[in-house]
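Novice: Just so you know, the protein sequences line up as chains A and B, in that order.
Per the working numbering, residue 2 is the first one in the first sequence, and the count goes up by one each step.
Per the working numbering, residue 2 is the first one in the second sequence, and the count goes up by one each step.
Derived by calculation from the structure, the hints in this document are not laboratory data.
Watch out, some of these pointers could steer you wrong.
Identical copies go unnamed one by one, so any copy, or any two together, can satisfy a pair.
[To be verified] Derived SDA-like pairs (lysine to any residue); straight-line CA-CA distance at most 25 Å: (1) Lys71 <-> Gln10; (2) Lys358 <-> Glu291; (3) Lys44 <-> Leu344; (4) Lys44 <-> Ile111; (5) Lys159 <-> Asp337; (6) Lys400 <-> Pro303; (7) Lys73 <-> Glu118; (8) Lys73 <-> Glu398; (9) Lys256 <-> Ser12; (10) Lys358 <-> Asp97; (11) Lys380 <-> Pro232; (12) Lys374 <-> Leu189; (13) Lys44 <-> Ser12; (14) Lys324 <-> Glu382; (15) Lys76 <-> Leu344; (16) Lys380 <-> Leu106; (17) Lys234 <-> Glu172; (18) Lys256 <-> Pro222; (19) Lys373 <-> Ile383; (20) Lys297 <-> Arg391; (21) Lys44 <-> Asp337; (22) Lys76 <-> Glu118; (23) Lys324 <-> Arg38; (24) Lys31 <-> Gln43; (25) Lys182 <-> Leu196; (26) Lys182 <-> Arg202.
Just so we're clear, the structure is a prediction, and the values are computed from it rather than from any experiment.
There are 2 protein chains.
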Amino acid sequence: MIRAGLIRQSSSGVYSLLPFALRSIERIEKIIDQEMRNIGAQKLSLPILLSANMWKRTGRWDTTGSELFKLKDRKTSDFCLAPTHEEEITQLVANDVFSYRQLPLRLYQIGRKFRDEMRPRAGLLRGREFIMKDLYTFDTTEEAALETYEEVNEAYNKIFSRIGLPFVIAEADTGNIGGTKSHEYHILSPVGEDLILSCMRCGYTSNEERARGITDNDGCPVCYKDSITSPLKSNRAIEVGHTFLLGTKYSDPLKATFAPENPLYKGELLSIQMGCYGIGVSRMIAAIIESSHDSKGIIWPPSVAPYRVCIIPGGDEPEITEKTRSLYDFLTSECDGLNDEVLIDDRMNLSFGYRMKDAELLGYPWLMIIGKKFLESGKIEIHNRHNNQRNHLEFNEIKNLFIECKQI
Amino acid sequence: MIRAGLIRQSSSGVYSLLPFALRSIERIEKIIDQEMRNIGAQKLSLPILLSANMWKRTGRWDTTGSELFKLKDRKTSDFCLAPTHEEEITQLVANDVFSYRQLPLRLYQIGRKFRDEMRPRAGLLRGREFIMKDLYTFDTTEEAALETYEEVNEAYNKIFSRIGLPFVIAEADTGNIGGTKSHEYHILSPVGEDLILSCMRCGYTSNEERARGITDNDGCPVCYKDSITSPLKSNRAIEVGHTFLLGTKYSDPLKATFAPENPLYKGELLSIQMGCYGIGVSRMIAAIIESSHDSKGIIWPPSVAPYRVCIIPGGDEPEITEKTRSLYDFLTSECDGLNDEVLIDDRMNLSFGYRMKDAELLGYPWLMIIGKKFLESGKIEIHNRHNNQRNHLEFNEIKNLFIECKQI
Chain A
2 MIRAGLIRQS
12 SSGVYSLLPF
22 ALRSIERIEK
32 IIDQEMRNIG
42 AQKLSLPILL
52 SANMWKRTGR
62 WDTTGSELFK
72 LKDRKTSDFC
82 LAPTHEEEIT
92 QLVANDVFSY
102 RQLPLRLYQI
112 GRKFRDEMRP
122 RAGLLRGREF
132 IMKDLYTFDT
142 TEEAALETYE
152 EVNEAYNKIF
162 SRIGLPFVIA
172 EADTGNIGGT
182 KSHEYHILSP
192 VGEDLILSCM
202 RCGYTSNEER
212 ARGITDNDGC
222 PVCYKDSITS
232 PLKSNRAIEV
242 GHTFLLGTKY
252 SDPLKATFAP
262 ENPLYKGELL
272 SIQMGCYGIG
282 VSRMIAAIIE
292 SSHDSKGIIW
302 PPSVAPYRVC
312 IIPGGDEPEI
322 TEKTRSLYDF
332 LTSECDGLND
342 EVLIDDRMNL
352 SFGYRMKDAE
362 LLGYPWLMII
372 GKKFLESGKI
382 EIHNRHNNQR
392 NHLEFNEIKN
402 LFIECKQI
Chain B
2 MIRAGLIRQS
12 SSGVYSLLPF
22 ALRSIERIEK
32 IIDQEMRNIG
42 AQKLSLPILL
52 SANMWKRTGR
62 WDTTGSELFK
72 LKDRKTSDFC
82 LAPTHEEEIT
92 QLVANDVFSY
102 RQLPLRLYQI
112 GRKFRDEMRP
122 RAGLLRGREF
132 IMKDLYTFDT
142 TEEAALETYE
152 EVNEAYNKIF
162 SRIGLPFVIA
172 EADTGNIGGT
182 KSHEYHILSP
192 VGEDLILSCM
202 RCGYTSNEER
212 ARGITDNDGC
222 PVCYKDSITS
232 PLKSNRAIEV
242 GHTFLLGTKY
252 SDPLKATFAP
262 ENPLYKGELL
272 SIQMGCYGIG
282 VSRMIAAIIE
292 SSHDSKGIIW
302 PPSVAPYRVC
312 IIPGGDEPEI
322 TEKTRSLYDF
332 LTSECDGLND
342 EVLIDDRMNL
352 SFGYRMKDAE
362 LLGYPWLMII
372 GKKFLESGKI
382 EIHNRHNNQR
392 NHLEFNEIKN
402 LFIECKQI
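Sequences and hints are given; from them, build the entire structure.
Specialist: As structure tokens, then:
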């Protein structure tokens, strides 16, 4: 990622996101925004600088340990840099929600989070400052909260499907977040920190952590109940999403309550049933690259590529420059989903070969070459980075390539 | 802003941005993105958590004083929460730029900044955690840097013009940022912290701070040079933008240098000429509201309104519900610039009068009422929040109202 000019290290586990990486992240955010909107979630933005008060009330000020960045302001009050926002959002909802009429409520944000990792590693994979999407849901009953949980998991399926890389969903432990039910979303990659066990027979999938002691080639515990022995296969994977059914773990101590529709007695208040749902947005970029590259460089899925097309002019003859410009105009105005998605590599002080190699390293889904051959035949040489195919197409034939991009 | 449900205080000077405020902020960001792109600036994202090293090299670790939030990580290394990013971006450019061929370069970001204000005040006007756009420019010569400075100031003019509120540009001091030339952009408001002095005759405008000792009704110092006495008028204003021509204040200590096109001697390196340019994005929301409201509530300029239209159904009869839905579909699909900009206030447990008052408080540019009168006449009652006019229009006549919204 450093060689491709995506990120630069500022300090251990802390990175600057350069323009290409940021574009890719904004892509992911757009997909998330759309799918969150489809399930009626509203976007807000909570502070990074959090007062210690509520963290002390839930006990996490002490239990989170040294992963929590702590600081004092000029009046020596305690603050932390948000690693997650259960306390903050629960407090917010506790102050504004009073009645069943205001529920269900689904609130999410996309922003910075901080965790003082003991051993930050592998660039954006485990950073100390990172970008997360976190959704918090609020329901009146356990059943409604469970339905919400299923609905959000469906939205997660859509998000990961749209990004377009193979992913697995595993049952997971709830850890420091707490709650009663939890799933992880993983992108498969040999450099992944997590080991995922899957049963080919029944589809049971679990994080090794949760499967406690069960490992590769052991029998599937679900099939075992049916007296069948089916060996589990293990795969390395990178966790990019996590869902938690929280129950009242946060609404109880922070008194996030509501008056029910049919109270048992006058003034009855019930605790709100919560869920929380994260996606590691900056980590996703790293996971995508780990899972989708070859010896030449990155292979971006078109859905999240910083740019979808790179045009490489073969020389600086006026005719080539002019045709390059025409192709650019044609792509950005006539082809679905390519507006603002096309780049021209006109660094003519660099050789054609260098620019080709650079474009392959950067991983544009489509490379288009306007050179001498084009001037002779009127056909553009197009490289598809994903399947390595080369085509020679005329302007009008190009359009069909991008019909599917409209939906992305 | 609290009453209108835009923000909630988390701690002193630290706020959560609720969905309406965030939508408005995303609007402003979009306008900024477009105008930055028009001057060839690339967007990136620098860390919030900054190592103290570079701040010590420029001397600002000590000179910034207690406004700087300082903290230590688990290895007790010094960090601060970024109040601004001159050090970080200069270091980044110093590591990646070597030759005049890579210049000019314009890099910007939109993100959180932190300042431990002694007296945080007035919500988002002076917060301890806030959102800023900051652009940094890199040129080979002083002349080129000055041209860049003028070009960015033109882009700033466009940004503030598009937002649509009266603003003034004042000569300003360079303060802790440093540099040789500086201008401030202000939105006029009686609650503003700054006092702006303007000469009606020659157009001279200056921040009182810079005008040192000159105050209201004193003679204009520019006109005085022509032996003319012209009294200055003072206006209270809120600073929302600031531009600085930096010279080599940061590139010298951080060794951001380049090999010039025509070196005087072999291996000659010159310091890059820099500029930096800020816009207070979250403060802008507060400034807009301070400058554009009446006794009923906010009057959003359409360019940055959270939603442009609110439809209020007069009752819950099936016919009204159906027509409300038709109007919603018509507006979002047939009217320019209204896709995703229309809200229906269908909280039918609240009275019509309450919802009308609430809509005026929230400041939607257009209110549309579908009630009994509509069923009789087929005309929709439309309130224009800006000029207080009421119109009764049929579906097809509505379209013309929004032709201008397309450009916003």
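Novice: Indicate, hint by hint, whether the structure satisfies it.
Specialist: Each hint tested on the structure:
1. Lys71 <-> Gln10: both (22 Å within a copy, 20 Å between copies)
2. Lys358 <-> Glu291: within (19 Å within a copy, 54 Å between copies)
3. Lys44 <-> Leu344: between (31 Å within a copy, 15 Å between copies)
4. Lys44 <-> Ile111: Cα proximity of Lys44 and Ile111: in one copy and across copies (8 Å, 18 Å).
5. Lys159 <-> Asp337: Answer is within; shortest intra-copy Cα gap is 21 Å, inter-copy 30 Å.
6. Lys400 <-> Pro303: within (15 Å within a copy, 36 Å between copies)
7. Lys73 <-> Glu118: both (20 Å within a copy, 13 Å between copies)
8. Lys73 <-> Glu398: Answer is neither; intra-copy 62 Å and inter-copy 59 Å both fail.
9. Lys256 <-> Ser12: Close across copies (19 Å), not inside one copy (39 Å); limit 25 Å.
10. Lys358 <-> Asp97: between (56 Å within a copy, 19 Å between copies)
11. Lys380 <-> Pro232: For Lys380 and Pro232, the Cα distance exceeds 25 Å both inside one copy (53 Å) and across copies (70 Å).
12. Lys374 <-> Leu189: neither (41 Å within a copy, 60 Å between copies)
13. Lys44 <-> Ser12: The answer is between: 21 Å across copies meets 25 Å, while 31 Å in one copy does not.
14. Lys324 <-> Glu382: within (13 Å within a copy, 53 Å between copies)
15. Lys76 <-> Leu344: The answer is neither: 50 Å in one copy and 43 Å across copies each exceed 25 Å.
16. Lys380 <-> Leu106: neither (54 Å within a copy, 35 Å between copies)
17. Lys234 <-> Glu172: within (15 Å within a copy, 69 Å between copies)
18. Lys256 <-> Pro222: Answer is neither; intra-copy 39 Å and inter-copy 61 Å both fail.
19. Lys373 <-> Ile383: The answer is within: 14 Å in one copy meets 25 Å, while 61 Å across copies does not.
20. Lys297 <-> Arg391: Within one copy only: 16 Å inside, 64 Å across.
21. Lys44 <-> Asp337: between (28 Å within a copy, 24 Å between copies)
22. Lys76 <-> Glu118: Close across copies (11 Å), not inside one copy (27 Å); limit 25 Å.
23. Lys324 <-> Arg38: So Lys324 and Arg38 pass the 25 Å test across copies only (24 Å; inside, 41 Å).
24. Lys31 <-> Gln43: For Lys31 and Gln43, both the intra-copy (14 Å) and inter-copy (19 Å) Cα distances are at most 25 Å.
25. Lys182 <-> Leu196: For Lys182 and Leu196, the Cα distance is within 25 Å only inside one copy (19 Å; across copies 57 Å).
26. Lys182 <-> Arg202: Within one copy only: 23 Å inside a chain, 71 Å across chains, cut-off 25 Å.
In the structure shown, a violation is registered for the earlier hints numbered 8, 11, 12, 15, 16, 18, in ascending order.
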